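Asker: Sequence:
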Amino acid sequence: MAADTSATNPRKSRVVLGLQWGDEGKGKVIDLLADRCDVVVRCQGGANAGHTVVVGGKKTVLHLLPSGVLHESSRCVIGNGVVIDPLALCHELDDLKAGGCDPVKRLFISDRAHLVLPYHRALDAAAEKAKGDAKVGTTLRGIGPCYGDKVARSGVRCGELRDLAAFEVRLRAHLTQANVLIRAAGGTEVEVERAIAEVMPACRRMAPMIADTASILHQASAQRLSFLFEGAQGVMLDIDYGTYPFVTSSNTGIGGVITGSGLSHKDLGEVIGVVKAYSTRVGGGPFPVELLGAKGDEVRKRGSEFGATTGRPRRCGWLDLVAVRFACRLNGVDSIALTKLDILTGEPEVPVCVAYEIDGVRVDTIPSRLEDLSRAKPIYERLPGWTQQLSGSTFDGLPAGARAYIGFIEERVGVPVRWIGTGPGRDEIVVR
Numbered sequence: 001m002a003a004d005t006s007a008t009n010p011r012k013s014r015v016v017l018g019l020q021w022g023d024e025g026k027g028k029v030i031d032l033l034a035d036r037c038d039v040v041v042r043c044q045g046g047a048n049a050g051h052t053v054v055v056g057g058k059k060t061v062l063h064l065l066p067s068g069v070l071h072e073s074s075r076c077v078i079g080n081g082v083v084i085d086p087l088a089l090c091h092e093l094d095d096l097k098a099g100g101c102d103p104v105k106r107l108f109i110s111d112r113a114h115l116v117l118p119y120h121r122a123l124d125a126a127a128e129k130a131k132g133d134a135k136v137g138t139t140l141r142g143i144g145p146c147y148g149d150k151v152a153r154s155g156v157r158c159g160e161l162r163d164l165a166a167f168e169v170r171l172r173a174h175l176t177q178a179n180v181l182i183r184a185a186g187g188t189e190v191e192v193e194r195a196i197a198e199v200m201p202a203c204r205r206m207a208p209m210i211a212d213t214a215s216i217l218h219q220a221s222a223q224r225l226s227f228l229f230e231g232a233q234g235v236m237l238d239i240d241y242g243t244y245p246f247v248t249s250s251n252t253g254i255g256g257v258i259t260g261s262g263l264s265h266k267d268l269g270e271v272i273g274v275v276k277a278y279s280t281r282v283g284g285g286p287f288p289v290e291l292l293g294a295k296g297d298e299v300r301k302r303g304s305e306f307g308a309t310t311g312r313p314r315r316c317g318w319l320d321l322v323a324v325r326f327a328c329r330l331n332g333v334d335s336i337a338l339t340k341l342d343i344l345t346g347e348p349e350v351p352v353c354v355a356y357e358i359d360g361v362r363v364d365t366i367p368s369r370l371e372d373l374s375r376a377k378p379i380y381e382r383l384p385g386w387t388q389q390l391s392g393s394t395f396d397g398l399p400a401g402a403r404a405y406i407g408f409i410e411e412r413v414g415v416p417v418r419w420i421g422t423g424p425g426r427d428e429i430v431v432r
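Here the sequence shown is numbered in this note's numbering, starting from 1 and rising by one per residue.
Derived by calculation from the structure, the hints in this document are not laboratory data.
Given the structure is predicted, the values throughout are model-derived calculations rather than measurements.
All residues carry an ideal CB built from backbone N, CA and C; glycine is no exception.
Misleading hints may appear alongside valid ones.
To be verified - So the derived label-pair ranges between C-beta atoms look like this:
id, residue 1, residue 2, range
1, Phe306, Met200, 54 to 60 Å
2, Asp212, Ser335, 28 to 34 Å
3, Leu164, Gly186, 52 to 58 Å
Said to hold, decoys possible - Each computed DSS-like pair below joins lysine-lysine, with the alpha-carbon atoms no more than 30 Å apart:
id, residue 1, residue 2
4, Lys12, Lys266
5, Lys129, Lys150
6, Lys12, Lys129
7, Lys59, Lys295
8, Lys295, Lys377
9, Lys295, Lys135
10, Lys97, Lys59
11, Lys58, Lys131
12, Lys301, Lys135
13, Lys150, Lys131
14, Lys266, Lys58
15, Lys129, Lys59
16, Lys150, Lys295
17, Lys135, Lys105
18, Lys105, Lys150
19, Lys135, Lys150
20, Lys301, Lys59
21, Lys59, Lys150
22, Lys97, Lys58
23, Lys105, Lys58
24, Lys377, Lys135
25, Lys105, Lys301
26, Lys377, Lys131
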């Protein structure tokens with residue numbers, strides 16, 4: 001059954017954010033909304049993110065490109081808050097072109113965005129190795145070291161690709177300097193000339209796409225065009241408000257949208273938070289609702305919970321409304337898109353975490369200290385399950401247990417659920 005998209009018809013601006021630990025299904029929601037806007041903007045993160053969209057049974061995984069590239073009417077912008085690996089970007093473009101989609105003429109990359117270069121990946125691997133059992137569990141894509149260079153004011157920005165000869169000289173110097181740090185950390189040094197030979201062709205391809213995207217977006221705003229701002233990762237991985245230090249290296253919430261695009265809060269429009277009907281997390285860090293043993297394996301298998309970027313198995317757990325409520329308040333979320341509700345079909349009852357217990361005390365928000373969150377025990381309320389398949393349903397046609405689950409989320413979080421994912425396909429979504 002085709003999705004009812006009446007609620008998506010107005011051409012207004014929207015922000016789509018993940019409200020958990022990433023992998024919430026943002027790509028599907030963005031894909032649904034992208035043909036209802038003029039400009040799709042990616043604002044933060046790098047190739048450590050993976051958005052999966054299923055169209056006509058074909059799965060497309062995007063790591064750097066905005067999901068709007070699949071819509072020929074959308075202009076696509078990679079904003080200044082994104083860190084861009086030229087090799088990864090060109091690989092994505094090649095994959096899309098092989099599938100009949102070539103977005104190059106409508107893709108604009110910020111001249112202020114920073115470049116992820118070969119030495120960043122080597123530094124990432126060396127740092128994780130040095131941490132041993134205390135490693136964060138990064139994707140080893142060089143994202144953290146690139147953001148580190150940005151903050152240290154020693155990074156390389158996309159605008160430098162406008163003078164490729166000067167860029168190559170600087171790249172050689174950076175590679176040589178980075179090898180000193182890599183060697184000191186016990187990592188594998190980068191072969192300078194080989195790295196240059198590999199990355200320069202990709203940089204040449206990127207150069208024509210580099211633009212002053214802030215000015216482009218300002219002009220689009222003046223023309224009253226509509227925007228779709230595409231978040232990456234999730235709020236619980238935010239560098240400031242996530243489960244620090246087990247977080248990503250950028251602001252994954254509304255603040256990252258503003259600083260990573262160059263537009264103001266007045267341009268943002270509706271804020272949509274994407275919530276998976278259960279919880280998942282990749283890598284290390286506290287995860288109070290984690291399901292261990294056979295039940296965790298069952299949910300992982302049923303939901304195909306393996307990382308789109310790394311292929312690593314995701315840790316699975318029941319829905320954590322403490323985290324979702326916290327993320328909604330931080331970001332002024334107007335409405336929720338609830339994804340993968342179908343995965344819970346067949347459960348006799350569905351536990352939902354409504355609070356934590358830490359050292360015998362009930363806690364209703366996310367503690368900032370890692371040590372406190374690591375001791376948190378989930379307090380569950382148990383809701384009746386359902387057995388009826390959800391695909392093809394209208395909202396009124398959903399089983400009573402599924403509707404009660406949605407209503408419980410709305411009541412406890414204080415935000416309406418407007419979209420409900422009932423299967424992996426583009427059309428398997430209910431719009432209220």
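Asker: So which of those numbered hints doesn't the model satisfy?
Answerer: Hints 1, 3, 6, 11, 14, 15, 16, 17, 21 and 25 contradicted; others consistent.
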